[in-house]
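Chain A is fixed; fit chain B onto it per the hints.
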Amino acid sequence: MTTPDQPSGPQVEDPGRRRFLSYWAGALSTIVAAAVAVPLVGMFLAPLFVKRKELWLGLGRLQDARPGVPSKFTFSYVKTDGWFERTVYGTAYVVREPSGGLYVLSNICTHLGCGVRWDPARNAFLCPCHNGVYDRDGRVISGPPPRPLNRFPNRVAAGQVEIRVEEV
Amino acid sequence: MRKLLAWIDEQTGLITGIRNFAEEPLPEKVGWPHIFGSLALFFFIVQVATGILLMAYYSPSPDHAYETVQYITDTLPFGSFVRGLHHWTASAMMVALGLHLIQVFLWGAYKPPRQIIWLIGVGLLLVTFGFSFTGYLLPWDQKAYWATVVGTNIAGSVPLVGPFLRDLLRGGSGVGAVTLTRFFAIHVGILPPIIAVLIGFHVLQVRKKGITPPWTRVGEEADVPRPQLFWPHQMLRDAIAALVALAVVCLLALKFGAPIGPLANPADTAYTPRPEWYFLWLFQMLNYFPRKWEVVGAVVLPAAAVILLAAYPYLDRNPERRIRMRKYAILLCLGTFAGVSYLGVQAVLSTPKPEKLSPLEQTGQKIFMDRRCNACHGVNGGGGDAGADLGQAGPFNPEHLEALLRDPTRFQTRSIMPPADLPEPKMRALVAYLMALKPTSTLPTQPQTGPKKPESHLEPQWYINHKFDVRKDPSQCGKCHEPDFCQTCHRNHRPDSHLDHWLKFHFGTARENPAYCRVCHKDSFCASCHKTFLHTPDWLESKHAAAALKDRSMCWNCHQQVLCDTCHRGAKPASHTAGWRLRHGGVALAGTSGCMMCHREEACTTCHGLRMPHPAGWRSKHGAIAIQSPATCANCHGPGKRDTCRTCHTGQLEPSSHTPQFRKSHKEQGESQAVLCRLCHGANACDNCHKTPMPHPKDWMGTHKDHGASFAANSFCFYCHDRAMCNKCHGAQTRD
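Which chain is which? The protein sequence lines are A and B, in order. Positions in the first sequence are counted from 1; adding 441 to them yields the working numbering. Positions in the second sequence are counted from 1; adding 5 to them yields the working numbering.
One chain only, chain A, in its complex shape:
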């Protein structure tokens, strides 16, 4: 029975050569590890770099939006989610100004992303989460939201209100 654990002592050659070999063994090991790691990290991060598409979506007929009062419209689109095709739903409020102007508000609260809703009694958008309140134009009246409600770029084609949405 041998005891190979005993110190190697004089049998090992000079420390210079040993340092040289250590350097190369370490360097090559690092190269190998990096070569394996690069594609793996790349693959793990890949979904972050998927380009987000912009879509024009039809909301509904302009005549269905009552002037002066935010009217709720829902929209949906199909999104390729990895290997999956998923329908994404969203809500937008169309506001027709009596002057003839038109804007479309997102119902996503700018605070933490809850869905705000129009309360005709209080004449305001209310957020159900932290009591954010927005007026008819989406400006913050009270509560924690830092910014007014987002507005979708919109256009009207053949009586249909369309909005530009960035794929989520």
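The set of hints was computed from the structure by calculation and includes no laboratory data. Given the structure is predicted, the values throughout are model-derived calculations rather than measurements. Accuracy of the hints is not assured; some may be wrong.
[Unchecked claim] Covered stretches of chain B (in silico footprint by chain A; criterion: 3 or more residues with CB under 8 Å from a CB of chain A, positions within the stretch not fixed):
(1) 55 to 62
(2) 70 to 77
(3) 170 to 180
(4) 234 to 242
[Claimed, not checked] With the Cβ distance kept under 7 Å, some of the chain B side facing chain A (calculated, not the full set):
(5) Val-51
(6) Leu-81
(7) Ala-247
(8) Leu-248
(9) Leu-251
Glycine included, each C-beta is placed from N, C-alpha and C at the ideal position.
Only chain B this time, still in chain A's reference frame:
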């Protein structure tokens, strides 16, 4: 950095421990042959790293497994490469393990005191086979499915416990969803800790007992000089080997990727299941055993081989490690290697080659795929199932086939197959391909041109079920298909909704969700009818009358005819005052377009009992009707109304001239005043009675026989003439 490491070392002793472990003194002549163990470990680490990353995108369910693997392979950046790395490293690990095994055997490293290291090594080999077997199913393609079916059936042939073992592996009686999830669990959850513990044990034992000094005499092991350390001397060799091996595996992964076959399909009869190369020898061995002895090849021999392998250090009592002192052991090693290789090569040779198609048939196959014939027609289970499976359908008659392709409705009027309007050479190629299909033929996995189909289209029964997807989200179809696409089938086979009276009811659907219509119809399709019939807000007030006048039948497509009455009965036009009924004739005679705004064209007939206004020539025809149903005339005519009979027929109903003798005497009047006769009797009155043109045409003497004159008593001649007239020319011989 150095300080941090020193602190960690001071607190934990970790650095010193690692250093002591790594700086193992190695005997001289330990070198390149000893890299394979480390190489196998390196490959294992690559497998763990790539496997964990693949798991981030994989879903172990039959619904999604194949899709996720396709997504990783085709869409995900680095996905194909990482999957290829996982695939090829698995094979490389087998190679490394094999070489490690042979090296250890030849160097006699399994001999005391190191038997236990060998034993653990055999355990590691078996666990690696387990990884390979379970990992194989995960892509859920044909190869995966069938390898698992065969593999689990082999487990099923174990005496007594076989069926239990098989069902245990499968998680039920068949290979299915539960098999996939449990193989996944075994592959990523159960085997990794086992192999980690075994590797740790294996390495620690090697470190404890030392790497075997090469080929020393018995008892001289301790005297071998140890001029090198594991770190850095051997580690440098290991690192170089790993770098080279990684380069090879990367090249393979880049060049070939990882294969993914067609989706697992138990119905596909043309698929030839073959396991991965390192199982081929086992697979081949089964061919040599008759049914009764199959268990020997499938279970007994492999089990015996494993037991022999595991127990070998304890069976081999020869303490010598030098090769020339171990003739029998070396022979056994070589014999096993040769035998396994032979079986493997035999298995490769016996694999049927894929069928070769002639260039013409290849062109035909391309047309078949490009025209998406495979969407409906499968070939031996691959492809769609809406039409007949062409692999099983032959043999065909080429002329019949071409006629069918050119006009499918000729043979089956309700056929939904789109006609193939191909030029002659292409048609010939397509027919040649179809003629070449056999029960062993297969389809290429994807069409060579055009976009890839979504996964839903590959599901069984897609052609029957696609309507549900259309209903769920009608806008989906439009992402790839033009609306006209639907018409290729649906012109002969309309959707369920489009049954009788659909036109009457389509309004609701079209209004509430026009997206449904847009799946199959272009917007212009509506306009083909609705251009003049679009019910805009001002429709009722100002437009509907003109439209109704233009084509009333369009209204009746949707509306009941009483619809007009619902408004117009209570609000008759100003003209319709009392006595209008009697007065309307003059208005109607001037033109019925005004009437037709509300009334149907048949309205006159319904009231009058005959076509109104009286058609041209009525005067000569009215007699018959007046005699048959005088009441019809009485609707308008009679005392106190319009013209009565007496207006024309003064005195008697017959003109006064028509005395009882008039028939005999009307000849002169008829010739001179034929116009007068025609007033009542019509243009052909003479001819109708005389049964021949009257008065006689100019060349009558020469042609009267041709007109039908004869000597018979009932001949029309005798209406006016007597027999003497004939006898004048024909002599006295004329008889009846």
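Hinted contact Leu-248/B with chain A - closest CB pair below 7 Å: 5 Å, holds
Counting residues of the stretch 234 to 242 of chain B with a beta carbon closer than 8 Å to any beta carbon of chain A, are there 3 or more? holds (count 6)
Hint status (Cβ of Ala-247/B to nearest Cβ of chain A, threshold 7 Å): 5 Å, holds
Against chain A, does the stretch 55 to 62 of chain B show at least 3 residues with beta-carbon separation below 8 Å? Contact hint for the stretch 55 to 62 of chain B vs chain A: holds, 4 residues under 8 Å.
Taking 8 Å as the Cβ threshold, is the statement that the stretch 70 to 77 of chain B is covered by chain A upheld or broken by the three-residue rule? holds (count 4)
Coverage criterion applied to the stretch 170 to 180 of chain B (partner chain A; beta-carbon cut 8 Å; 3 residues): violated (count 0)
Does Leu-81/B meet its interface restraint, that is, does its C-beta lie within less than 7 Å of any C-beta in chain A? For Leu-81/B, the interface hint holds, since the closest Cβ of chain A sits about 6 Å away, which is under 7 Å.
Interface hint status, Val-51/B versus chain A (Cβ within 7 Å): Nearest chain A Cβ about 6 Å off; hint holds.
Double-check Leu-251/B for me: the hint is only fine if its C-beta lies closer than 7 Å to a C-beta in chain A. Since the shortest Cβ distance to chain A is 6 Å, the answer is holds.
Comparing the model with each numbered hint stated earlier shows that hint 3 is the single one that does not hold.
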